[in-house]
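Participant: Below are the chains, spelled out letter by letter.
2 protein chains.
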Amino acid sequence: MAKIHPLSGFPEWLPQQRIVELEIQDEIRRRFELYGFAPLETRSVEPLSVLVAKGETDKEIYVVDRLAAGTASPERDADRRLGLHYDLTVPFARYVVQHYNELDFPFKRYQIQRGWRGERPQEGRYREFVQADIDVIDRDRLALSFDAEMVRLLHETLAALPIPPVTIAINNRKITEGYLRGLDVADVIPAMRILDKLDKIGADGVRRMLDAEALTGAQVSAALELVTIAPGGREVIGRVEELGVRHALLDDGLAELAFVMDELSTLPAGAAVANMAIVRGFDYYTGSVYEGSMRGHEDLGAVCSGGRYENLAAGARVRLPGVGVSIGVSRIVGRLFARDLVPTPRKTPTEVLVLVPEERLRWRAQEVTHALRERGIPTEMWHEPSTLNKQLRYADNKGIPYAWLPGRGDDEGDLVRDMVSGDQGAGDPSAWLPATDRATARSRARVRAEERG
Amino acid sequence: MAKIHPLSGFPEWLPQQRIVELEIQDEIRRRFELYGFAPLETRSVEPLSVLVAKGETDKEIYVVDRLAAGTASPERDADRRLGLHYDLTVPFARYVVQHYNELDFPFKRYQIQRGWRGERPQEGRYREFVQADIDVIDRDRLALSFDAEMVRLLHETLAALPIPPVTIAINNRKITEGYLRGLDVADVIPAMRILDKLDKIGADGVRRMLDAEALTGAQVSAALELVTIAPGGREVIGRVEELGVRHALLDDGLAELAFVMDELSTLPAGAAVANMAIVRGFDYYTGSVYEGSMRGHEDLGAVCSGGRYENLAAGARVRLPGVGVSIGVSRIVGRLFARDLVPTPRKTPTEVLVLVPEERLRWRAQEVTHALRERGIPTEMWHEPSTLNKQLRYADNKGIPYAWLPGRGDDEGDLVRDMVSGDQGAGDPSAWLPATDRATARSRARVRAEERG
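Top to bottom, those sequences are chains A and B.
For the first sequence, counting from 1, position 26 maps to 26 in our numbering; every step adds exactly one.
For the second sequence, counting from 1, position 1 maps to 1 in our numbering; every step adds exactly one.
To be clear, the hints were calculated from the coordinates, so they are not data collected in a lab.
The structure displayed is predicted, hence computed values, not measured ones.
Hints should not be assumed to be uniformly reliable.
Because identical chains share one entry, a pair is satisfied inside a single copy or across any pair of copies.
Stated by the list, open to error - Calculated pairs, EDC-like style, for lysine to aspartate or glutamate (alpha carbon to alpha carbon, straight line, at most 20 Å):
1) Lys390 with Glu102
2) Lys390 with Glu12
3) Lys390 with Asp104
4) Lys390 with Asp140
5) Lys197 with Glu225
6) Lys390 with Asp418
7) Lys390 with Glu358
8) Lys390 with Asp196
9) Lys390 with Glu60
Kindly produce the complete structure, drawing on both the sequences and the hints.
Facilitator: Printed below as a string of structure tokens:
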């Protein structure tokens with residue numbers, strides 16, 4: 001084996017961490033499916049021409065070449081060269097154009113997959129990462145109710161995870177753009193990109209940059225008044241109106257935001273807030289925009305984000321408006337593990353280690369193992385003659401919650417030992433169940449289904 | 001959007017196929033966890049030096065370079081260049097060396113992940129593919145019982161999938177090697193590689209190639225006698241002994257195979273057979289070897305394979321013997337879809353579409369949707385005012401099994417329509433359950449668990 005290189009930006013977890021990551025991914029998937037989003041995976045590579053079409057990110061793309069094909073030459077056709085995708089939207093757009101005739105609309109899909117970016121790694125920013133995306137697209141027109149559904153689903157999903165609460169900030173790009181147009185700002189797109197930097201560079205920074213864009217002092221002050229409105233509920237809309245700027249696009253945006261906030265009025269207070277400072281840098285977004293941050297971990301940046309767009313893919317036969325959000329799974333779990341925010345007591349899914357106290361009980365151990373597995377309980381059987389102490393130490397080291405001792409109970413029956421409390425009791429492999437706080441979420445549902453089903 | 005390129009060798013599935021693939025992956029994972037294998041994922045890239053160390057496959061490696069880093073130069077240190085992994089064993093070996101102090105032995109892990117090879121694509125051979133691997137490794141010595149456990153788990157897993165039955169052929173490389181040594185063959189390794197080609201080039205081809213290796217006519221005939229023994233149960237061992245060749249290594253191999261076959265005697269007939277023609281090309285394997293093929297689809301090649309090895313990674317502080325198998329998930333599902341071997345009626349996980357028969361019933365539709373989701377039943381609600389026909393057509397197109405009609409039953413109650421049979425009946429969202437043959441496996445377990453608490 002050659003030298004071992006930990007690679008910066010390519011996170012890997014220990015089994016006890018992977019168990020937690022997998023529980024999180026399972027819960028995300030369960031919630032996405034509960035809302036009727038269909039599973040999808042796309043290939044990891046796209047032609048470079050597809051990847052660079054979106055611009056901006058080309059410096060971060062990983063190019064893929066066959067080693068046997070020799071040195072990559074820049075002259076080779078960009079259409080034939082391949083790169084690893086850096087998000088799940090670009091491959092999704094390509095997929096929809098490619099399979100347009102085989103899909104039914106509105107098309108709702110989720111994708112939980114890896115992406116790659118050659119960025120400088122830092123906490124929360126990886127070169128290889130897992131994202132969980134949902135999008136709904138329709139032909140020509142997409143109902144506004146989906147803009148609210150996105151936030152509801154996002155909230156329910158994130159609230160079900162073992163992570164700090166997430167506040168989802170909502171805005172509508174029509175508000176920002178309409179407001180700037182109402183102020184007679186000549187070039188609104190660069191101004192919006194600057195306003196999006198408020199939380200990074202502060203009001204003074206934004207003011208300086210807008211000055212440089214040749215906005216008048218009055219325009220700059222008015223723009224700052226908008227984005228510094230205190231985030232909150234539906235009342236934020238009234239505050240925008242009080243600023244007195246008028247424009248048809250602004251009215252549209254406020255009406256859409258009002259609809260979304262009304263639809264979300266049953267969410268817990270603070271779960272979703274209207275926030276005029278959320279602009280999103282991507283020109284791609286044309287309506288609702290979202291950004292979520294974990295309370296107490298705002299320094300990590302957005303743990304989820306998304307918005308509405310006019311057209312997923314210019315190559316399709318019709319316009320495909322959509323709305324989508326993306327959860328940064330690696331960013332979230334990376335923080336959980338770096339700050340020890342979640343317990344990781346289990347190194348294995350095994351719930352029961354069946355011991356072999358002496359060789360003559362091996363057949364009984366085998367029977368117990370088989371019976372427990374038949375009932376959906378993850379079970380290992382000790383594999384060789386050893387002292388009981390060695391066998392118990394293995395269970396203890398791996399965080400296996402129960403040890404099963406065949407023939408060690410009354411009348412040659414079995415004993416089950418709770419490895420945490422040390423308590424022992426009689427065990428019958430055809431009826432015994434782990435305590436719910438000892439089993440994994442996945443196995444709990446399974447055991448119950450098999451028990452009653 | 002740039003031009004759309006279907007990429008040969010990079011399979012992608014439609015949502016209805018992805019649902020089936022995901023059910024297969026879930027079942028594989030469930031079985032692996034039932035036996036106590038811990039989940040693990042490794043990064044997708046390794047230093048080229050790690051990937052080429054195993055030899056043979058370097059022509060198939062995909063190299064990864066940052067686009068911004070300019071043209072890759074062959075002079076760059078192979079230690080610093082990265083490639084995509086082509087299997088899950090090489091990254092696993094590197095992972096174990098890297099995290100040796102943090103792991104507990106015997107270490108059992110599973111990995112369901114993508115791999116990449118720049119091979120010429122053909123049916124069953126992809127450039128990007130999903131594999132499901134299990135390995136168990138221990139320090140210094142690994143109990144032989146794991147060699148049997150691999151086959152039992154593999155059989156139970158594959159038998160639970162919606163695929164044709166798989167026959168797992170078992171051999172032991174000590175038998176082949178010991179037998180050749182007993183024949184005084186000077187250079188056994190190349191001879192074993194040739195014997196491994198029996199099913200591809202036939203007995204005549206093997207004879208010609210062994211002749212070219214300077215084996216005597218008697219040695220060649222005796223070798224062919226071994227590998228052409230009819231596959232079967234424990235009696236195969238007697239047939240090998242009847243050939244009259246003697247060698248200590250051969251005896252070891254036969255004893256190990258006898259132990260494994262005895263441990264597997266409770267499997268259904270034909271599930272696992274001793275087969276002397278299974279040699280495996282990798283010199284890496286040193287004991288038990290396995291290869292599984294789908295009955296009626298032998299032309300596809302092995303759908304699973306593996307074996308025992310002396311040492312996972314030379315870089316570790318101690319010897320790490322192990323045994324592992326790999327299931328070729330993409331190869332299996334690719335054949336299922338290419339030959340229409342599995343029904344794919346559902347384009348979405350949604351089990352119920354809640355209709356909005358008229359606008360005044362929207363609130364009721366929302367209540368029903370919420371109640372069903374709360375109970376773990378994947379539900380969509382129709383999103384805009386439309387005719388009932390249009391709403392029902394959507395459910396029909398996507399294969400959603402139930403349509404829920406709020407306020408259309410007796411006394412303004414709800415009606416539920418079975419979209420397959422057309423039957424309608426009263427529905428109560430706090431108690432109604434989908435028929436088990438209409439729900440997905442995943443949701444069935446969920447509903448039952450939530451129902452019975």
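Participant: Determine for every hint whether it applies to the structure shown.
Facilitator: Tested hints:
1. Lys390 with Glu102: between (58 Å within a copy, 18 Å between copies)
2. Lys390 with Glu12: Answer is neither: 30 Å inside a copy and 48 Å across each miss the 20 Å cutoff.
3. Lys390 with Asp104: between (58 Å within a copy, 13 Å between copies)
4. Lys390 with Asp140: Cα proximity of Lys390 and Asp140: across copies only (16 Å, versus 67 Å in one copy).
5. Lys197 with Glu225: Answer is within: at 15 Å inside a copy they meet the 20 Å cutoff, but 77 Å across does not.
6. Lys390 with Asp418: Cα proximity of Lys390 and Asp418: one copy only (17 Å, versus 57 Å across).
7. Lys390 with Glu358: Within. Shortest intra-copy distance 13 Å satisfies the 20 Å Cα cut-off; inter-copy 69 Å does not.
8. Lys390 with Asp196: Answer is neither: 59 Å inside a copy and 41 Å across each miss the 20 Å cutoff.
9. Lys390 with Glu60: neither (50 Å within a copy, 45 Å between copies)
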